[in-house]
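Build out the structure end to end from the sequences listed, making use of the hints.
There are 2 protein chains.
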Amino acid sequence: MDIVADIGGTNARFACYQPDQTGSETGTVSHLTRYACADFPSMADALERYCTAHQITPNRMSLAVAGPVDGQMVNFTNNQWSFVKQEIKSRFQLSSLTIINDFTAQALVPPYLNRQGVTVVREGTPYPDTAVLVLGAGTGLGFAAILPAGGGWCPLETEGGNGLLALRDTDPEGLSDFLRSKEEVVSFESCLSGRGLEYLYQFVAQDKPPLTARQIAETANDNQQARAAIILFFNLLANFIANGILSTGARQGVYISGGIAPKLKAYLPESQFLQRLSEHGAYSDYVGQVPLFLIDEEQAEKAGLLGAGLAMTNPYLAHRRL
Amino acid sequence: MDIVADIGGTNARFACYQPDQTGSETGTVSHLTRYACADFPSMADALERYCTAHQITPNRMSLAVAGPVDGQMVNFTNNQWSFVKQEIKSRFQLSSLTIINDFTAQALVPPYLNRQGVTVVREGTPYPDTAVLVLGAGTGLGFAAILPAGGGWCPLETEGGNGLLALRDTDPEGLSDFLRSKEEVVSFESCLSGRGLEYLYQFVAQDKPPLTARQIAETANDNQQARAAIILFFNLLANFIANGILSTGARQGVYISGGIAPKLKAYLPESQFLQRLSEHGAYSDYVGQVPLFLIDEEQAEKAGLLGAGLAMTNPYLAHRRL
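So the protein lines, in turn, are chains U and X. Using the numbering used here, the first residue of the first sequence is number 1, and each one after it goes up by one. Using the numbering used here, the first residue of the second sequence is number 323, and each one after it goes up by one.
Hints are computed from structural coordinates only; laboratory data are not their basis. Everything hinted at is true.
If you anchor each label on the Cβ, the simulated ranges turn out as follows: (1) U:Q116 / X:R371: 56 to 66 Å; (2) X:Q394 / U:D207: 49 to 59 Å; (3) U:S42 / X:Q340: 54 to 64 Å; (4) U:E298 / X:T635: 43 to 53 Å; (5) X:Q340 / U:D296: 51 to 61 Å.
Facing chain X, according to a computed beta carbon distance under 8 Å, are these residues of chain U, among others: (6) F143; (7) E157; (8) T158; (9) R168; (10) S247; (11) Y283.
Every residue, glycine too, gets a C-beta built ideally from N, C-alpha and C.
Here it is, written out as structure tokens:
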């Protein structure tokens, strides 16, 4: 049995994976189980629990994890877990172990997505020979792309969410300074993540007690300042996406994934999101014609697992397999 | 005879290209001739002049141009030229015409570079399975990468230089506002280009008459403010490179090309360039270990032409050939 996992900063999702025999679709996942990372001292313990609970003896395993995955040792960026690749392979007696970044996994899925689980934010005009970008805010800010290559897809493994924050002149004055009081390096992730949304709310509502990201989302209907924080979130997301399109040349499409954006999508039309993604000086046409999609929450949850499954056989990810 | 060209906003370079028969090196260029774009009403006229001057009947042609190259019509970003691809192919009766972005061409060359024409800015530790980034300031700010793919190199065609400018807290206050008075969209190119260096000087020396980029470079030895503008240039270049590494995952190496950086390189050690590229919060290791190189001026001038030559047979650029 093949096991796949999508492990973020907060949640770890495990599933069984059955590859598609035709190669024309993703495989299928079953026995999807979600654990809170904080409930387990290590990833191996959570994996052990999953296998025991479902009485599974794993054969191949593919783990999509939130953070860089070079070298033998993997440290999660947004939680306390870490592991040594070879130790996992030995402990579970695996025939192969694939370890990729969680957004590399997300990026492998768009060619196979079920359109019913996707909201079209802008139709646009796709350039088929260019990259497809996938990004998303959750505990952190994921960013990855795939490039059409020889009939297949070559993944671009990145940590683009951790680039320095870039603002437009219509962004509020004082925002940079405020964020600098919170974080050592003010990156896009400093705004576009769970904690980022909380910072944005604190910036907007400096006279009020802080709210959690969940509270901000849940109270936005009645709380003007929560709403303002969410609108600011979408404006900054547009800056991030514009820079992402330009720096990867991704004009085949941008897919917004991750846990946060689908929860807030009702407020997107109140922001300057689409306007910012169509006004970029001499590059307005370049940025302004890219199709934009939002992967709905249920499908986003599965996408990381399906991508982990696809990674087991992607020819351009051989260096990620042990 | 194969003709290659590297056409920026200011200069157009033409040469004859002889492919390498082994495929293990670039080909060779000869009859390199440089024209000022402003001296010709169109690119076709400059090409005509080149062919006549050297009594060449072109067979294949590969043109690396500064700007996006999708569609039939190509508009240069930083000069008044434009052309229709099919018209060029017909007018010169070519067996094939390849049109790529000038930095896509630059990006194809690093695997074959002559180390004597390269300054090692930082040795670093390369990750061989990741992208190689090539960027450079000239009339504009070029940015492209190549990804190892199936024994060859898959180019990442981008316009990353036109992303929104991102600043650090150690960058001077008021810089964003100053640049916003100059440009519709404040991009990295607004600082890291010929005009960008001129803006930086005007920002630093607001009490003095403006200088051209050339004057800034030539007077920096005695002119404190020209020197300060150049140091600011390198600091902002480090921001750009850090974001570039993160957004493309390029940890095999970064090559700085283009006309401007080699001319200013004596002042690089006075800037925070290396420090900024080793301090990036949780991503300090990620950014801080990437090998950094500067392509010297003479080799940079040839690199675009060699890359245009390589593009004629790169399997991942089939969509750029007519």
